[in-house]
Amino acid sequence: MAAPLQQRQLLNGWTPALDVYQNADNVVAVVELPGMRKEEIEISLHDGTLTIAGERKSTSDEREKTERIERFTGKFRRSVTLPTRIDAAKIAASYKDGVLTVTLPKAEEAKPKKIEVSIE
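Residue numbers (my numbering): 422 to 541.
These are calculated hints, taken from the structure and not from any lab test. Remember, it's a predicted structure, so these values are computed and weren't measured experimentally. Honestly, I wouldn't trust all of these hints.
Stated by the list, open to error - Under the rule of at most 25 Å between Cα atoms (straight-line distance), these lysine-lysine pairs were calculated in the DSS-like manner:
1) 459 <-> 532
2) 511 <-> 535
3) 511 <-> 532
Stated by the list, open to error - Between beta-carbon pairs, the in silico distance windows are:
4) 535 <-> 474: 34 to 42 Å
5) 511 <-> 486: 45 to 53 Å
6) 468 <-> 517: 25 to 33 Å
7) 530 <-> 478: 15 to 23 Å
8) 480 <-> 506: 39 to 47 Å
9) 541 <-> 466: 41 to 49 Å
10) 456 <-> 533: 14 to 22 Å
11) 441 <-> 538: 31 to 39 Å
12) 509 <-> 444: 12 to 20 Å
13) 461 <-> 440: 18 to 26 Å
Note that the Cβ used here is the ideal one computed from N, Cα and C, for glycine as well.
Throw the hints in and build the complete structure from the sequences for me.
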């Protein structure tokens, strides 16, 4: 029988929520990382896979007796295969109010092309 989600996360770190969407020009990844500093977040792109990793440290004092734990701490790693080719030189990331947004511009050859039909 599998351990409940919260028990597995306590043993294996935690898994932040991740959304990925795209428009004509970009693929955008949005990750909920409350309580972290930008210096604790690592972003990498390798062979079309975006990886976001880091570690959220506990804020409790070791001398305190813990009564209840609902905020996950520890290491995390999220990887997602991107749906199209990316221009790696133009990737941008911002972190505000506990939300990381990674904007990955599509490579020119991956963008939709409009083809005009000529009438003869």
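Tested hints:
{"no.": "1", "hint": "459 <-> 532", "in the structure": "30 Å, violated"}
{"no.": "2", "hint": "511 <-> 535", "in the structure": "23 Å, holds"}
{"no.": "3", "hint": "511 <-> 532", "in the structure": "15 Å, holds"}
{"no.": "4", "hint": "535 <-> 474: 34 to 42 Å", "in the structure": "39 Å, holds"}
{"no.": "5", "hint": "511 <-> 486: 45 to 53 Å", "in the structure": "50 Å, holds"}
{"no.": "6", "hint": "468 <-> 517: 25 to 33 Å", "in the structure": "29 Å, holds"}
{"no.": "7", "hint": "530 <-> 478: 15 to 23 Å", "in the structure": "42 Å, violated"}
{"no.": "8", "hint": "480 <-> 506: 39 to 47 Å", "in the structure": "41 Å, holds"}
{"no.": "9", "hint": "541 <-> 466: 41 to 49 Å", "in the structure": "45 Å, holds"}
{"no.": "10", "hint": "456 <-> 533: 14 to 22 Å", "in the structure": "39 Å, violated"}
{"no.": "11", "hint": "441 <-> 538: 31 to 39 Å", "in the structure": "33 Å, holds"}
{"no.": "12", "hint": "509 <-> 444: 12 to 20 Å", "in the structure": "18 Å, holds"}
{"no.": "13", "hint": "461 <-> 440: 18 to 26 Å", "in the structure": "21 Å, holds"}
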